[in-house]
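Top line first, the protein sequences correspond to chains A and B.
Residues in the first sequence are numbered from 1 upward in steps of one, following our numbering.
Residues in the second sequence are numbered from 1001 upward in steps of one, following our numbering.
Think of the hints as simulated: they come from the structure by calculation, not from any bench.
Where hints are given, some of them may not hold.
As the list claims (entries may be wrong) - Pairs of lysine-lysine, DSS-like flavour, derived with a Cα cap of 27 Å:
| no. | chain 1 | residue 1 | chain 2 | residue 2 |
| --- | --- | --- | --- | --- |
| 1 | B | LYS1143 | A | LYS178 |
| 2 | A | LYS320 | B | LYS1143 |
| 3 | B | LYS1127 | A | LYS178 |
| 4 | A | LYS44 | A | LYS144 |
| 5 | B | LYS1127 | A | LYS111 |
| 6 | B | LYS1127 | A | LYS133 |
| 7 | A | LYS144 | A | LYS178 |
| 8 | A | LYS133 | A | LYS242 |
| 9 | A | LYS320 | B | LYS1185 |
| 10 | A | LYS133 | A | LYS144 |
| 11 | A | LYS82 | B | LYS1127 |
| 12 | A | LYS178 | A | LYS242 |
| 13 | A | LYS130 | A | LYS144 |
| 14 | B | LYS1150 | A | LYS111 |
| 15 | A | LYS44 | B | LYS1127 |
| 16 | A | LYS144 | A | LYS85 |
| 17 | A | LYS344 | A | LYS320 |
What the hints assert, rightly or not - Here are some chain A residues pointing at chain B (derived, C-beta under 8 Å):
| no. | residue |
| --- | --- |
| 18 | LEU91 |
| 19 | ARG135 |
| 20 | GLY224 |
| 21 | LEU226 |
| 22 | PRO259 |
| 23 | ALA260 |
| 24 | LEU264 |
| 25 | ALA268 |
| 26 | LEU284 |
| 27 | MET286 |
| 28 | SER331 |
| 29 | ILE332 |
As the list claims (entries may be wrong) - Taking beta-carbon pairs under 8 Å as the criterion, some of the chain A residues facing chain B (in silico):
| no. | residue |
| --- | --- |
| 30 | TRP120 |
| 31 | LEU315 |
| 32 | VAL333 |
| 33 | GLY350 |
Positions of the beta carbon are idealized from the N, C-alpha and C atoms, including for glycine.
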Amino acid sequence: MTAPRSDVIEVTVLGPGFGECVLVHYGDGHWIVVDSCTDQRNNKPAAVSYLNEIGASCDDVRWIVVSHWHQDHVSGISELIKSCKNASVCLSPVFDSAQFLTEVFGNTTSKQPRIGSGFWEARELLNIRKVDKQRVFRAAGQDKRLQTFSRSIFSHQRDVELWTLSPNDVQLHAFLSKIINVASPNGVDRGRARVPSPNESSVVVWLQIGEIAILLAGDLEEAGTLKSWSSIVASTGRPQTKAQILKIPHHGSQNAHHPAVWSLMLEADPHSVLTPYVLASNFLPMDSDIQRLKSLTQNGYITSTGFSTSPASRLPAVDKTLREMGSPLRSIVQHMGRVTFRNKGVRGFGEWDVLISEQARKL
Amino acid sequence: MRNTLATEYIPANRRKHQDSSAAVTASRVHSDDVEIAIANTLGKYSIASDSNVSVRSAQSYEPQSRKASVDARANINLLNLVSRKKLNPAYAAKPVAYVVLQEWEGVVDKVEDNHFWSLLADITAGKSRLSEQARIENSEVGKQYLDRVKPGAVFRWLIGYQTDPNGERQRFSRIVFRDLPRFTKRDREEAASQAEEFLRTVSPLE
């Protein structure tokens, strides 16, 4: 693939089975990246690999949005930010909370195991914030317009607006009250820090490009007491247009589904894409999720079928022991899957082509 | 009477298997009731609470190859290998040799009825990233560790050969939960102080 033409809008979702990253080209070489996962081929952030592959430059990334701090959304995020020197960074407001920062510092000491916790990426991000005084860091929030780009700079001659639709103050307060009990309870053995569930405070992104709207729904879940999607749907402060493109929230799970999102915030049969989540005994989307999504759109895609690559080959004695234990290993390192939606530029602004990698499938 | 033992690190050039495997020999065992054969030189693992063993000396060592990605020191941490087989006093003076073929660092992801799901980083392959997962039966975990099987708990998993004093060689699998320091009030105060310092010196989010 080559980089999109200057007047073409592109939405690319990368998802290897555990991890997610979204890139949007909104015109004339300008990109937004939401979240990060790692390309196992070179251990680099997948967004960096993708931009390099299509001949685009990391210097053209204008915004990086971090939806939340689950490991499958922040792997390599600090390296991505360093690579994209001109990018402003949008974070959850919890990054200005002493309570949350205490958890980050407390869970990233030399006493803490390094494996598999998003807190280490958060700590590295704090270091970047401290050192990189030139970079703009902004807080996400409900119905917050981060930036407006004038149509005069784009070949497609449309204004571009970047919004966040969440989290709100109630969601943040609830998150902070939970994390203090989960991340570092006093007097408890250290281990890999965990984060609260369900995810009621993920950042949701809305991108308006003229008549086109794109909804990037992070991992926000409706389940729980806060009814976070209901809050977004009911808001009158958000753009009231309907989106043609959807990054489906939380790997298509029922917990993240809200019927009114589909009826009030999305056009009919939106081009939709989800990334799978294959870890331990957790498999998303479930068959019932796929059936539900197929009933809502004929243009649904998944970045990867989620099947693992083979685990590393090992000595026969090791394999034999694993077989006897009944503990077969499964790799969580998977081939990067990709789904790309590209419109036809000024000659067909609302018409989309779909380009998918070998691992991706239509739902 | 408490037992004593010492450990001896077998250098790389005497290993029969892959480079990153390690072997430890328990020697000078003075015991008629030894359950734990290996000592922990780095202090990362605890001796099983039901053992009757103390460590008199533990030989320090330097890894033969300092591959940056391989925490060679970790290999010696198999050290807490638990041998449930009581040693016959007749063999007490003979060494029990362990050769580790495969080592993972793991973290408990999800606990279910009689098993748990874990995510694993292949230490033997020099990887620090979690790259594999396994379902492990609770019966594979020593009873002294069962109360530690909780989401987020970190452990080492070793597979290798164990040679008994009578020369009999058999494969073993050991799962050893790390005895990590607990969060203390002081830890929290230090972290809170760092957070305050950060917020005082760094511009707030716009």
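Evaluated hints:
{"no.": "1", "hint": "B:LYS1143 / A:LYS178", "in the structure": "violated, 31 Å"}
{"no.": "2", "hint": "A:LYS320 / B:LYS1143", "in the structure": "holds, 24 Å"}
{"no.": "3", "hint": "B:LYS1127 / A:LYS178", "in the structure": "violated, 32 Å"}
{"no.": "4", "hint": "A:LYS44 / A:LYS144", "in the structure": "violated, 31 Å"}
{"no.": "5", "hint": "B:LYS1127 / A:LYS111", "in the structure": "holds, 20 Å"}
{"no.": "6", "hint": "B:LYS1127 / A:LYS133", "in the structure": "violated, 34 Å"}
{"no.": "7", "hint": "A:LYS144 / A:LYS178", "in the structure": "holds, 25 Å"}
{"no.": "8", "hint": "A:LYS133 / A:LYS242", "in the structure": "violated, 37 Å"}
{"no.": "9", "hint": "A:LYS320 / B:LYS1185", "in the structure": "violated, 46 Å"}
{"no.": "10", "hint": "A:LYS133 / A:LYS144", "in the structure": "holds, 23 Å"}
{"no.": "11", "hint": "A:LYS82 / B:LYS1127", "in the structure": "holds, 23 Å"}
{"no.": "12", "hint": "A:LYS178 / A:LYS242", "in the structure": "violated, 34 Å"}
{"no.": "13", "hint": "A:LYS130 / A:LYS144", "in the structure": "holds, 25 Å"}
{"no.": "14", "hint": "B:LYS1150 / A:LYS111", "in the structure": "holds, 18 Å"}
{"no.": "15", "hint": "A:LYS44 / B:LYS1127", "in the structure": "holds, 15 Å"}
{"no.": "16", "hint": "A:LYS144 / A:LYS85", "in the structure": "holds, 24 Å"}
{"no.": "17", "hint": "A:LYS344 / A:LYS320", "in the structure": "violated, 55 Å"}
{"no.": "18", "hint": "LEU91", "in the structure": "holds, 6 Å"}
{"no.": "19", "hint": "ARG135", "in the structure": "violated, 10 Å"}
{"no.": "20", "hint": "GLY224", "in the structure": "violated, 19 Å"}
{"no.": "21", "hint": "LEU226", "in the structure": "violated, 22 Å"}
{"no.": "22", "hint": "PRO259", "in the structure": "violated, 30 Å"}
{"no.": "23", "hint": "ALA260", "in the structure": "violated, 30 Å"}
{"no.": "24", "hint": "LEU264", "in the structure": "violated, 30 Å"}
{"no.": "25", "hint": "ALA268", "in the structure": "violated, 37 Å"}
{"no.": "26", "hint": "LEU284", "in the structure": "violated, 14 Å"}
{"no.": "27", "hint": "MET286", "in the structure": "violated, 16 Å"}
{"no.": "28", "hint": "SER331", "in the structure": "holds, 6 Å"}
{"no.": "29", "hint": "ILE332", "in the structure": "holds, 5 Å"}
{"no.": "30", "hint": "TRP120", "in the structure": "violated, 11 Å"}
{"no.": "31", "hint": "LEU315", "in the structure": "holds, 5 Å"}
{"no.": "32", "hint": "VAL333", "in the structure": "holds, 5 Å"}
{"no.": "33", "hint": "GLY350", "in the structure": "violated, 33 Å"}
Violated hints, in rising order: 1, 3, 4, 6, 8, 9, 12, 17, 19, 20, 21, 22, 23, 24, 25, 26, 27, 30 and 33; the structure is consistent with all others.
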